[in-house]
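Participant: Chain E: place on chain L using the hints.
Chains as they are written, first to last, in the numbering used here: chain L, 1 to 168; chain E, 1 to 534.
Quick caveat, the hints were computed from the structure, so don't treat them as lab data.
Hints may be right or wrong, so weigh each one.
[As the list claims (entries may be wrong)] Label pairs and their calculated CB-CB ranges:
id, chain 1, residue 1, chain 2, residue 2, range
1, L, Ile49, E, Pro435, 53 to 59 Å
2, E, Arg95, L, Phe59, 31 to 37 Å
3, L, Phe59, E, Ile361, 56 to 62 Å
4, E, Gly328, L, Trp62, 57 to 63 Å
As the structure is a prediction and not an experimental result, all values here were calculated from the model.
Just so it is clear, CB atoms sit at the ideal spot from N, CA and C, and this is done for glycine as well.
So you can see what is in the structure, the chains are spelled out below.
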Amino acid sequence: MRQQARLGMAMFLLSEAVFFLMLIAAFVYFRDANLSAAGGNLNLRATSIYTVFLLASSFTMWRATADRRRFWIAATAVLGAVFLAGQAREYWQLFQRNVTIGQGQFGSTFFTLTGLHGLHVLLGILLLSVVWRWHTQRAAIEAVGLYWQFVDGVWIVIFSIVYLWTFF
Amino acid sequence: MTVRGWLSTTDHKKIGILYMVTALFFFLVGGLEAMAMRAQLSLPNLKVLAPETYNQVFTMHGTTMIFLVVMPVLIGFGVYLVPLMIGASDMAFPRLNALSFWLLVCGGLLLYFSFLAGGAPDAGWFSYTPLSEKTYSPHPGVDYWALGLLLLGAGTIASAINFIVTIATLRAPGMTIRRLPLFVWMNLVNSVLILFALPALNAALVMLLGDRLLQAHFFDAAHGGSPVLWQHYFWIFGHPEVYIMVLPAFGMISEIIPVFSRKPIFGYGFVAASTLAIAFLSYGVWVHHMFAVALGRIFLSVFAAASMLIAVPTGVKIFAWAATMVGGSIRFTTAMLFAVAFLLEFTIGGLSGVGFAIVPIDWQLTDTYFVVAHFHYVLFGGTAFALFAGAYYWFPKISGRLLNEKLGRWNFWMVVIGFNLTFFVQHFLGLLGMPRRVYTYPDLPWWGLLNLISTFGAVILGLAALVFCVNIFASLAFGARAGNDPWDAWTLEWAAASPPPADNFERVPPVRSRRPLWDLKNPQAADWAAQGGA
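Looking at chain L on its own, in the form it has when it is part of the complex (with noise of 0.2 Å):
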């Protein structure tokens, strides 16, 4: 059972690997065009800052898996949230811009990019309540922290990506 589970949800991400794969390399296909847009735009300072809630998070995560205390769930799913509100003000100062998904190959790439990850940071946030609501099953937690571990890694990769490879 344990063992389903958890090949269960690595062969899923597997998958998703691959569709954020896809979306990543859609990104640097365009990046050259847009790297005047994105310099202009980006938020190095603040995104970094909520960076580090989501990575924080991965360690009240393993110490759930851990554990299964309901605090480090809940404490995970808090995080997740702070870097959520991150993303959302970030967007919203772009908009304030005129800078949307409609304007220029800069915002199609990352408000698609950016925007499905932030879905998987949702989905992930409603995972953790369920599992904090209704399941102490090791198995379930143990599915959900991969996924969790998953999509913080994937938020590495964007971050090198889209900011750091931007400004360095």
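Facilitator: For chain E alone, kept in the frame of chain L given last:
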């Protein structure tokens, strides 16, 4: 069983049957679409279908046959047979299994709802940009196409996960990876292919929907987008997809030919390993769909070489199946007839495929009827022939009754004659320069005659499909009782009752070789004894 029972079932056998029935329904729908096209093309300058309608019909025919017929029916056979063949009582995730099926239903409904919502998709089954962009395809057909395919893709990925976990964790004691029935092997490799291929399509679909619904600019050149990017993404999915549609069929052939030749498969290891080679290479050949795009000579050479290379592991399989028959005492049941015909028809499609790997030949023939002939020899001559073989072979297990052999002969010969009449002449039409996806053609020498022959063949093929349906319904009512093991076969599904009870086996026979039922029936000549327990 009640309607509610069918709607809420999580039994892999019921879900497998639902898949197969759904696929048969859509096979008839997609077949009618093909008939409409052949009617329009039967003579030069006809006006049976308006050009706009013709575009919708060929788009829906391709999309239906691939996503609502071939993939579901292969998954259906897998869902039904894999747990039985490995001695399990169900899939690893029964409810996920049901979800996969219902996503298929929803995707199919969404796709066909487009007819009521302002027009079906009309940009071809691969929906090339910019044709599929809002500017050139303003009605919502392509949106329904993309949304429907997203649902179907999600369901297919869920099935693949389910197969992998089932095969990894639920095998009967003794069923090592090297003793797996080849049908199960092919389903395992196929599931890995699905895991890597379908998400590429999903990503492309999300981007296309972004372009169409949110004014993003991934694929429209007018705003700096790249139509070629869509082609890359689509074929990174699309070429592995070709193998996704044929590997389980290879698996069926690998079960059927040995049983009706009364010999174990020749070169089990080679058949299994060549499948891995095909899976690996299938990700390195997608550009052969894009040889007519100016991509640069090195690009073309690399992908041409890879495309030729992938013919090798496929050829290995053909030889293994042929060698299995050599010296066997062959029983020409309808299932075996279809399996042998599969070898011949599929080889024709394979050979014209190798031809396309040669870039100048591709340049000459791309977008002509030669391509249509080629892939129908692979998908119909290959997959559909194997599916007919599989239907005649496993129907007794699924229903408890044998399909009628006499109707089966009619079915077989009508399919062979109808199929070859329809598609063989299309090779010549392609060589004469007739383009695909054009709703009519001028009265050029030979074009009218060859098209008329093709349409005549399609009518025979359509009647053959009806004979098959009649055979199913008549045999369900009046067919001879099959018993557990009508073919004297060797894999575990034939140890269960026909049809199997809810939990499949009272007791799973011991698995000590690749042919556990042979060992059970012939203890004096058991495989495991002969092979020293291997």
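Participant: Indicate, hint by hint, whether the structure satisfies it.
Facilitator: Going down the list of hints, with the structure as the test:
no. : hint                             : result
1   : Ile49(L) x Pro435(E): 53 to 59 Å : holds (58 Å)
2   : Arg95(E) x Phe59(L): 31 to 37 Å  : holds (33 Å)
3   : Phe59(L) x Ile361(E): 56 to 62 Å : holds (58 Å)
4   : Gly328(E) x Trp62(L): 57 to 63 Å : holds (58 Å)
Checked against the numbered hints given earlier, this structure breaks none of them.
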